[in-house]
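Colleague: In order, the protein sequences belong to chains Y and G. Heads up, the first sequence is in the numbering used here, so the first residue is -9 and it goes up one at a time. Heads up, the second sequence is in the numbering used here, so the first residue is -9 and it goes up one at a time.
Think of the hints as simulated: they come from the structure by calculation, not from any bench. Check the hints yourself; a few may be wrong.
Which copy is meant is left open, so a pair is good if it fits within one copy or across any two.
[As the list claims (entries may be wrong)] With a straight-line Cα cutoff of 30 Å, these simulated DSBU-like cross-link-like pairs (lysine-lysine) come out: (1) K336 x K283; (2) K344 x K283; (3) K397 x K513; (4) K517 x K397; (5) K513 x K428; (6) K359 x K461; (7) K517 x K283; (8) K461 x K336.
Spelled out from the first residue to the last, the chains are:
2 protein chains.
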Amino acid sequence: MTMQQTPLLLHTLLSRGAHVAPHEAIVNATANGVHRQTYATTSRRARQLANALNDAGIGIGDRVGSFLWNHHRHLEMYQGVTSMGAVLHTINIRLGEDDLEYIINHGGAEIIVVDEDLLPSLEPLAARLTGVRHWIVSSESGEWQSSLPSAVDYETFIGTQSAEFEWPEFDENAPLGLCYTSGTTGRPKGVMYTHRSTYLHSFAEAMTDTMSMSATDSVCAIVPMFHAMAWGLPFTAMMLGAKQVFPNRFMTPSELLDLMVNEEVTLAGGVPTIWQGVRGAIEAQPERWDLSKLDRVLCGGSAPPPSLLRWFRDALDVEMIHCWGMTETNPLAVVSRQVAKRAHRKLDLNAQFKNMGKTGLLVPGLEMKIVDDDFEPLAHDGDVFGDLLVKGPWIAGSYYQDPQPEKFHDGWLMTGDIARIDAEEYLIITDRSKDVIKSGGEWISSVDLENHICALEGVAQAAVVAQPHPKWDERPVALVVRADASSMTAEDVLQHCGAAFAKWQIPDEILFVDQLALTTTGKIDKKTLRARLAAQSYVLPDLR
Amino acid sequence: MTMQQTPLLLHTLLSRGAHVAPHEAIVNATANGVHRQTYATTSRRARQLANALNDAGIGIGDRVGSFLWNHHRHLEMYQGVTSMGAVLHTINIRLGEDDLEYIINHGGAEIIVVDEDLLPSLEPLAARLTGVRHWIVSSESGEWQSSLPSAVDYETFIGTQSAEFEWPEFDENAPLGLCYTSGTTGRPKGVMYTHRSTYLHSFAEAMTDTMSMSATDSVCAIVPMFHAMAWGLPFTAMMLGAKQVFPNRFMTPSELLDLMVNEEVTLAGGVPTIWQGVRGAIEAQPERWDLSKLDRVLCGGSAPPPSLLRWFRDALDVEMIHCWGMTETNPLAVVSRQVAKRAHRKLDLNAQFKNMGKTGLLVPGLEMKIVDDDFEPLAHDGDVFGDLLVKGPWIAGSYYQDPQPEKFHDGWLMTGDIARIDAEEYLIITDRSKDVIKSGGEWISSVDLENHICALEGVAQAAVVAQPHPKWDERPVALVVRADASSMTAEDVLQHCGAAFAKWQIPDEILFVDQLALTTTGKIDKKTLRARLAAQSYVLPDLR
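Could you put together the complete structure from these sequences and hints?
Modeller: Here it is, written out as structure tokens:
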């Protein structure tokens, strides 16, 4: 070998923040103002944590669980657990008991760190989590009580440990982090990230053409740290030495906005429902927050309506970067920027936003294709649609101890999305394959209808789902949340749809609802919406 | 394995340009205006080239040489030769006969592509290059004559070939490109880049905090494509689908400036002597060029004087990005940006330029240390200096078929540089270890003196080298090139030095010269300067 065979281990990236920016801040909201510590302190505490875990018998490849909000101790686990060669299982704090029991036992965590306010979710389960040997409690007050067997306070656990820990060397394909898919169908499935995959993903996120993340940013991961490892943002920010700001459990729009303003956040990431809420809060109090420092927001998890992308530019002069990925893709795979190509510089704003409304361009290093039912590749003409498959060094090749071969084909991940690819190589996701509406042998895109309805003045949110139909198999029904002051009618919505869609594509019913059911990661939960509709548990529309 | 084991092969990155930006332009100067082709065409021709090479018996691991200026055919070789799994040896066109014979025979190229105007450099050697089976000539006119045995025109060679070629899969540690160090001491040494190393390097170059390269850039590699593969710029630009502009053999400052203005170049890379020349041309004709599109210039190869960094910002509003690396580091290893950290945003311009004058911050993924003679690590206090060692996945671990174990230590590359590292983790290279001046047991940094002298009004260039001294072992001598209109005296320079340096650090002599000897890659050739001084071949100063 002529080039050095240095393995791609995450500790070389994560150590860099404390080297180049030792005084830069890690900030999180607490019940009493913010908690603030430096990268140097974070790195020191991550090493103390590693020593404590080592003493508790955790070695390379062993699993350590987190059941935490987004805050500095969670970040210390991100650094310490992975750098020592153990595996961080970031457990979704919003799961129900059955799923929690399943994923904790399946993941095999021997130690779990849990936030004091989340204790009630785990305590009833503890007896069934037979693999967990130690419970560590993260508390703001240091005063807590728990029925968890011999639980120890986090500060006690790491407090007396040395801050020296030499990160070990091992194979770059060693596991690093375990995340379970939110599992809207079937049991949650585990994706085991490796050092190699997350290393490459961190490099990809630091590119100008993806997120443009920089050491000069103040980065706020609103997306939960249990959700595809907060899209990798804490890793990338730590590699660069960027300031990091975490909302902890204080997730109302006004709490988020206060934090972002006070900490001069320049780049923040969250799901569309978060940004819809932020928009609502700002529209209600336009003068309250000075967001002049904010430069870019990342929107992923599900597609933001184009009207939301536009609002962020028009109202805040902020670029909403539409990111697509899944837990299985680490997750960043596709990005849509306002000016993604040199030729786009000359486009007018409307044309730029038309591109932004597409799912985006593939991140360098990955491959994608759309295929028909026989796995034959389809044309990139923007019209034909098929199953989306992706491939690359940060894409899952199997699920953790749960192979699910039907989710993979010839080394490619089957995303479960129906998509088109246009001549400019833009991916355009039409629908999740389970959400697409099959009417009379034709497919109707729920996403296209939702985007169109959301663009109507007075609409806050919209979801379009299939309902069984005796003649057409399925027909679309739209559930719409009105903006506060709006008195819009179903006729308004239907008329608006009629201007853009064929008659057979227009929803059979428009139902106004107060809110839409969300999944544990904040996406609109269409499975639940379909079930509620089928059970006729929605009140009939008042205006039809 | 839970994540896909996709090998890090360069073809996945290089194919992306033609996918996402098929109509974007590859432009190069010719004797009659510019040649312009698209990424789609480049990619098609790279596949034709691969088929032609295949027909000529070139397979995975075989070496193909280029003896070319920077232009579209060289880029086709960058894509085609590497993607097919062969090895591109980019031969330094400015080497003398002995070095050329050595590196071509040592590198083992079986086919060499040569520019018609460079034929006279190779023809006399051909009989001694027994491993070369085919000569391919790149010509603008298609009319050329050569004594090279059975030479074929490049267009004839690829012309009838199919544009279909499926890039093969192989191990990511397979070799990809061969570059020889410029070899100011001893024989040239070969560095064999691998797919893995150049893949990672391309990702690193696309980061916001290194070069901020983007698909929206128009990138001009002035640095020769034979010099550490033009710093990897063509690979990174092709991955992103950025426009690329090549100067070919038209390298005078005004030719470069015309090309950059006409092709709306936003990012250009070259050695300090190039940028000194560009500055001179602009100062002579301040109104001639509209460089409003130019945003950043990369300066590497040797350190730019701080006064030059400042001039680019003040005169052109362009950020000069100081990059450090060597052929052995692929080459990008250290970068200095005007605002490299969040805290630097609040610094005034003078403080920002003080940081830019340092060598810079280490690129994510690499490690560095300074050590004493016993290889003990030294403090990062900005004062103590020692030998600089670097490590990482795109750093050479040995030379190609020429191990040179004394250049490596415990898996680290010994760079041959003497450096300090300050408390902000800035690398500050004091000198090449062979250029540092050892006077009376103390070291004098030639670089510090040069930077200081260059800041004096009326100085165009300066070099400080050691001359033997009976009492002090060595003493510094400064060679200064005056700016056109300047009538500065040696006294002026000495007085200027006296304001910043101790008496014993000030050069014993100031010699005014018309120009400084350069290496084949455009660096100031201190070895030659020292030899000329020792031979008393410089005219004595006219003013002392």
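Colleague: Would you pick out the hints that fail for this structure and give their numbers low to high?
Modeller: Structure breaks hints 6, 7 and 8.
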